[in-house]
Each structure stands twice: as C-alpha cells, then as structure tokens.
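Asker: The chain contents come next:
Protein chains: 2
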Amino acid sequence: MENPSSSSTIEKLQQDCYNEWMSLQAKRMTELKQALSNDEKEDDKLRDLIRTVIGEFKDYAAKRCEHSRRYSSNYFAPTWNTCLENSLLWIGGCRPSSFIRLVYAMCGSQTELRLNTFLRTNNIDDLSTVLHGETRGGIDGGGESMSDLTAEQLYKINELHLKTVEEENKLTIRSASLQEDTADMPIAVTAFYKEVIGEADVAVERALDKHEKDMAGLLAEADKLRLTTLTTIVDILTPVQAADFLLAGKKLHMSIHAWGRLREQSRLEASGGGNSGGEVAGE
Amino acid sequence: MENPSSSSTIEKLQQDCYNEWMSLQAKRMTELKQALSNDEKEDDKLRDLIRTVIGEFKDYAAKRCEHSRRYSSNYFAPTWNTCLENSLLWIGGCRPSSFIRLVYAMCGSQTELRLNTFLRTNNIDDLSTVLHGETRGGIDGGGESMSDLTAEQLYKINELHLKTVEEENKLTIRSASLQEDTADMPIAVTAFYKEVIGEADVAVERALDKHEKDMAGLLAEADKLRLTTLTTIVDILTPVQAADFLLAGKKLHMSIHAWGRLREQSRLEASGGGNSGGEVAGE
Numbered sequence: 001m002e003n004p005s006s007s008s009t010i011e012k013l014q015q016d017c018y019n020e021w022m023s024l025q026a027k028r029m030t031e032l033k034q035a036l037s038n039d040e041k042e043d044d045k046l047r048d049l050i051r052t053v054i055g056e057f058k059d060y061a062a063k064r065c066e067h068s069r070r071y072s073s074n075y076f077a078p079t080w081n082t083c084l085e086n087s088l089l090w091i092g093g094c095r096p097s098s099f100i101r102l103v104y105a106m107c108g109s110q111t112e113l114r115l116n117t118f119l120r121t122n123n124i125d126d127l128s129t130v131l132h133g134e135t136r137g138g139i140d141g142g143g144e145s146m147s148d149l150t151a152e153q154l155y156k157i158n159e160l161h162l163k164t165v166e167e168e169n170k171l172t173i174r175s176a177s178l179q180e181d182t183a184d185m186p187i188a189v190t191a192f193y194k195e196v197i198g199e200a201d202v203a204v205e206r207a208l209d210k211h212e213k214d215m216a217g218l219l220a221e222a223d224k225l226r227l228t229t230l231t232t233i234v235d236i237l238t239p240v241q242a243a244d245f246l247l248a249g250k251k252l253h254m255s256i257h258a259w260g261r262l263r264e265q266s267r268l269e270a271s272g273g274g275n276s277g278g279e280v281a282g283e
Numbered sequence: 001m002e003n004p005s006s007s008s009t010i011e012k013l014q015q016d017c018y019n020e021w022m023s024l025q026a027k028r029m030t031e032l033k034q035a036l037s038n039d040e041k042e043d044d045k046l047r048d049l050i051r052t053v054i055g056e057f058k059d060y061a062a063k064r065c066e067h068s069r070r071y072s073s074n075y076f077a078p079t080w081n082t083c084l085e086n087s088l089l090w091i092g093g094c095r096p097s098s099f100i101r102l103v104y105a106m107c108g109s110q111t112e113l114r115l116n117t118f119l120r121t122n123n124i125d126d127l128s129t130v131l132h133g134e135t136r137g138g139i140d141g142g143g144e145s146m147s148d149l150t151a152e153q154l155y156k157i158n159e160l161h162l163k164t165v166e167e168e169n170k171l172t173i174r175s176a177s178l179q180e181d182t183a184d185m186p187i188a189v190t191a192f193y194k195e196v197i198g199e200a201d202v203a204v205e206r207a208l209d210k211h212e213k214d215m216a217g218l219l220a221e222a223d224k225l226r227l228t229t230l231t232t233i234v235d236i237l238t239p240v241q242a243a244d245f246l247l248a249g250k251k252l253h254m255s256i257h258a259w260g261r262l263r264e265q266s267r268l269e270a271s272g273g274g275n276s277g278g279e280v281a282g283e
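Those protein sequences? They're chains X and C, same order as listed. Quick note: the first sequence uses UniProt numbering, first residue 1, plus one each step. Quick note: the second sequence uses UniProt numbering, first residue 1, plus one each step.
Note that these hints are calculated values from the structure, not bench results. Errors might be hidden in some of the hints.
For identical chains, the list gives no copy identity; a pair is met inside one copy or between any two copies.
Said to hold, decoys possible - The calculated DMTMM-like cross-link candidates involving lysine to aspartate or glutamate, where the alpha carbons are at most 25 Å apart (straight line), are:
hint, residue 1, residue 2
1, K33, D43
2, K58, E180
3, K224, D181
4, K163, D181
5, K170, E221
6, K33, E199
7, K33, D201
8, K170, E159
9, K170, D181
10, K170, E180
11, K170, D184
12, K194, E180
13, K224, E180
14, K156, D181
15, K163, E152
16, K156, E112
17, K170, D201
18, K27, E152
19, K170, E31
20, K12, E269
21, K63, E168
22, K12, E56
23, K156, D201
24, K156, E199
25, K45, D209
26, K170, D44
27, K213, E269
28, K27, D184
Nothing here was measured: the structure is a model prediction, and the numbers come from that model.
Build the full structure now, drawing on both the sequences and the hints.
Answerer: What follows is the structure, encoded as structure tokens:
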C-alpha cells in the first residue's frame, strides 16, 4: 500500500463493480422513496421494485464472487471503503444480523415517535395509533409502517435472528480457522528457514493462492447468508414495510460511507492538510 | 480513501509507530538469531533478550492504545498493511491462538526433519534424536529445540490453547455487538430521516465518537490477550525454545508483510503497471 495510486486490473474491476453498486443503490433509494410517498401505495408496483432490489443484490454478490475467485484479499478491507466502514466489516460485508437489528431499530423508533405525538397532544386518537398503528402517513419521511409489525411477524423475525446468529457463528469459526492456517505449515515454517525475508517461494505462493481461494469461498458463503437474511425479512414484512426496510438499509449503508469520509476529512483538515472537502457531503 | 496520499497527523503518528515497530522487529530478529547460533547458548543472555522482546511488545501495545484513544478505526484495516495482512486481521492484530498454532507447527516440522534424517541415514543415533531430541545444532537454521517439548510442556500449551480460544471468543462476541450497534439508534434512524445523505449531525458524530472509543477499548483488550498469550508461552518454554519461538513469530510477521507486497506487485505488473518492484524483497 506504499503506492496506493497504482492498482491492478483486478482491483480496478472490483472497484468499478463497487462504484456501479453504489450508484444503483442511490437510484433505487430515490425510487423506493417515491413509491412509498405515493398515496396509493400500489402493492404490485412495490412488489416489483422490491424484487428488483433483491435481484440486484444477488447480481452484485455473483459479480463479487467472480472477481474474488483468484484475488479475494482486497474484499476483506477494500481500499475504496472508509476506515470506519472497514472497522465494521464482517467477512467482506455487513453482518447479516445487523439487518435484523435495523428492523428492530425502525420498529422501536416509530413506536417512540407515535408515543411522543400522543404525549404532546394528549389526543386519544393518537393513543390508538400508538397501540395499533391504525393510520399511516401522519409522520413525514415514511418508515411509519415499521411500528405496525404484528406479534406473528415479530415472532418470525426473532426466529430468523437466532438462526442468523447461529449461521454467522459457523462462518466466523471457519474464518478463524483459515486465518490461523497461515501460522502453520508450510507458510510459517518456510518463513523460519528463509535467509532473506520475503524471498519468493513456490510452496508459499501455492499456499497463499489456496488461502485466497478458500477466503473467496467464505466470502461467497457470507454473501449467501446476507442475501438469505434479506430475502427472509422481506418475505415476513408487508410490501410497504419491506420497502421502508430496504430504504432504511440503503440509506444506512450510504450514510455510513459518507459520514466516514466526513470524519476522515475533518481529521485531515484538523491536521492542516486536505482538499476542499466539497465532494464529501451530498454525494 | 479516494485520496489516500493525504493522511492526518494522527494517521502519520500511527504509521510512524508501526514503522518503528517493524524496524525493531528486524533488529531483534538478527539478535535472536545470533544468540541462538552462539554455541554456548548462555541462558542468562537469552533470558535478557527475551525479556526485552516481550517488554517491547508491551510498549508497542501501550503506544497503539494511546494513539487509538480517539481514532481507532485506522487500526482495524491499516492502510500501511498489505491487503493480505488485512484479510488476516482479528481486532487489529493477529489472533492470539495463532501463536500457539506456531508452537505446534515448529514442533511438528522439527520432528519431521529429524525423522527424515533418520530415514535417510538409517543411523540409530539419529533415531534417538528423533525420540528424545538429545542433541542440538545438528540442523542448520536453528529451531531444533522446538521438538524437545516435554509432555508437561505440551499439556500446558494445550491448556493455554483452550483458555485463549475462550477469551478470543468473548472478544469476538463483543466486537460483533459493537459493530451491530451502528445499525441501531441513533445512527440508523438518523440516516433514515436525513434528506441529504451524509449531512453532518451532532447525535451521529457523538455516537461515532463513542463507537471509536469503544473499539479502542476492544483493541486494548485484544492486545492484552496477545501479550498474555505470548508471555505464558515464553514462560512454558525453555530460554532456547522461547528464543526460537519468538524468532519464528517475528520472521512469520515480516515475511507475510513482504510476501503480501510481492503478490500485490506481481498483480500490478501483470496489469502492465507498477514500479520497479525493487523495494519488495529483502527489506
């Protein structure tokens, strides 16, 4: 990384794929917002859009899988991410269980909003809204559908949570095992007997190629779990809720990226360096 | 990371600290090698050197702790690492259990070496060496002490292994929980209600500051576990074994860094770009 301005063809491919994905997220974010603000909230149109969004995630995972087959290391701390994002990574992406955490966060914040409205106005109609979520559209910005989750939906989400954490743990253990393998034969032992540090070695090259291939397999498994978790949540939710949830996920991803850059820019400016910073906000 | 050539004061401090650490590792590597190749193998001198090496790891961890207090994100996928190294990271460093894996690897490879010597020469004296490790210095490059591990030592190493994995798991769970918190209030909910993606927000800034502080605490805990594991291994081993083990650890760390750069350089050259590559080997 001493010369990060030069990147290999494969890294450029990986980065282009990421940039396309981020542009697509911005586009779908706008579409989801429009579809939700449409008073009619036509379920068929929403369902189509949700299917498209999920399908695109699947395509993105397939492309990552293709690009990581030989060179997977880049995906475990991509240079195109901010360091904040990289500190949040789990096997090359977000934790699948954080999707569920987001469902709960949206549900909780909406109930809180309604409760606050009731306490402020002391209007018995608002209490009914708090308890049963009978009306929609009373709060600006959408997302209100998420406090309408039924007991059955919450039960299913909880079931999914337990299953997801279990699957995550399995992949975490496999990841640990692959990482530890590099402290074993042949890599550690070859390193010990080499007179010159970093001298090229066929056995080591082969072992590192295998390591990157195994890590690519793990990345594909993690993406599969992310996709399954996302699909299952969307299936549990109503179309309006699913659209609110997908919108929240996209906004969260894009915001963390932007806030991470803003923090890096602030530190740079505090050090007396840096650019104009105009590219940071509102991307 | 769009403009990685500019880095903040704190990142420069962190990187300088890492560069100093790597230079120190190279220096101690040479000293350990010299001390081990000295036929007298004076235990007192070895003990002093081992104490120094462990003390320096402690100092390095203290400096990282100091530098990560406000800005810890950089440590979870440092820009000064190769992407290979970053794909092997566990909470800002190597897995403590990989130290133990290295003990086993060195022990296994030495026994194998001795067995091969016996099979090649069919000399009954060599068999005695295989079984009891009675002689030293017969194999070039050191490390032979590692096959002399007694049953008691192996028992203690195994006990340490179980305890280390347990502690690692606890920290892994805490790390997962801190990562997931960013998909909750206030960050996720604020992201949802912002009209402009990445617009500065006091509550989010405060939450991200807290997040980085908590992650810094986790990094300190992980460094503490790395240090405890290292110290316990060294206490279980004889001075010669401990010096062989520390030498193997340093060589592995430096080699992975150099091999990672070599692989990045190869990919760059395969893409038709890159530098002379002269800086890669033999650093």
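Asker: Each hint: holds or not?
Answerer: Results for each hint:
With identical chains, the CA atoms of K33 and D43 are at most 25 Å apart within one copy only, with a shortest distance of 14 Å there and 72 Å across copies. Proximity of K58 to E180 under the C-alpha cut-off of 25 Å is restricted to the inter-copy arrangement: shortest distance 23 Å between copies versus 30 Å within a copy. Proximity of K224 and D181 under a CA criterion of 25 Å is satisfied in both settings, with 24 Å inside one chain copy and 22 Å between copies. Taking the shortest alpha-carbon separations for K163 and D181, only the inter-copy value of 19 Å comes in at or below 25 Å, while the best intra-copy value is 28 Å.
Within a single copy, K170 and E221 get their C-alpha atoms as close as 11 Å, and across copies as close as 24 Å, so both meet the 25 Å cut-off. In the homo-oligomer, the alpha carbons of K33 and E199 lie at most 25 Å apart only across protomers (18 Å), although the nearest pairing inside one protomer, at 55 Å, exceeds that limit. Taking CA atoms no more than 25 Å apart as the test, K33 paired with D201 passes between copies only; the shortest distance there is 21 Å, against 55 Å inside one copy. With identical chains, the CA atoms of K170 and E159 are at most 25 Å apart both within one copy (17 Å) and between copies (23 Å).
Taking CA atoms no more than 25 Å apart as the test, K170 paired with D181 passes in both settings, with 17 Å inside one copy and 21 Å between copies. Taking the shortest Cα distances, K170 and E180 sit within 25 Å of each other both inside one copy (16 Å) and across copies (18 Å). Taking the shortest alpha-carbon separations for K170 and D184, both the intra-copy value of 22 Å and the inter-copy value of 24 Å come in at or below 25 Å. For a Cα distance limit of 25 Å, the shortest separation of K194 from E180 inside one copy, 20 Å, qualifies, whereas the shortest one across copies, 42 Å, does not.
For the identical chains of this complex, K224 and E180 are neighbours both inside a copy (24 Å) and across copies (19 Å), given an alpha-carbon limit of 25 Å. For the homomeric pair K156 and D181, the shortest alpha-carbon distance between copies (22 Å) is at most 25 Å, but the shortest distance inside one copy (38 Å) is not. In this assembly of identical chains, K163 and E152 lie within 25 Å of each other by CA distance solely inside one copy; the values are 17 Å within and 41 Å between copies. Taking identical chains as interchangeable, the C-alpha atoms of K156 and E112 lie at most 25 Å apart only when both belong to the same chain, with a minimum of 22 Å there against 54 Å between chains.
When the C-alpha separation of K170 and D201 is checked against a cutoff of 25 Å, the pair qualifies neither within a copy, at 33 Å, nor between copies, at 37 Å. Taking CA atoms no more than 25 Å apart as the test, K27 paired with E152 passes in neither setting, with 33 Å inside one copy and 64 Å between copies. Proximity of K170 and E31 under a CA criterion of 25 Å is satisfied in neither setting, with 36 Å inside one chain copy and 42 Å between copies. Taking the closest pair of Cα atoms, K12 and E269 come within 25 Å of each other only across two copies (14 Å); inside a single copy the shortest separation is 28 Å, beyond that limit.
Taking the closest pair of Cα atoms, K63 and E168 come within 25 Å of each other only inside a single copy of the chain (22 Å); across copies the shortest separation is 33 Å, beyond that limit. In this assembly of identical chains, the alpha carbons of K12 and E56 lie at most 25 Å apart only when taken from the same copy (21 Å versus 39 Å across copies). Proximity of K156 to D201 under the C-alpha cut-off of 25 Å is found in neither arrangement, the shortest distances being 52 Å within a copy and 34 Å between copies. When the C-alpha separation of K156 and E199 is checked against a cutoff of 25 Å, the pair qualifies neither within a copy, at 55 Å, nor between copies, at 35 Å.
Proximity of K45 and D209 under a CA criterion of 25 Å is satisfied in neither setting, with 46 Å inside one chain copy and 41 Å between copies. In this assembly of identical chains, the alpha carbons of K170 and D44 never lie at most 25 Å apart, being 37 Å within a copy and 46 Å across copies at closest. Taking the shortest Cα distances, K213 and E269 sit within 25 Å of each other only across copies (21 Å), while inside one copy they are farther apart (40 Å). When the C-alpha separation of K27 and D184 is checked against a cutoff of 25 Å, the pair qualifies only between copies, where the shortest distance is 24 Å, while the shortest distance within a copy is 47 Å.
Figure legend: structure checked against the earlier numbered hints; hints not met, in rising order: 17, 18, 19, 23, 24, 25, 26.
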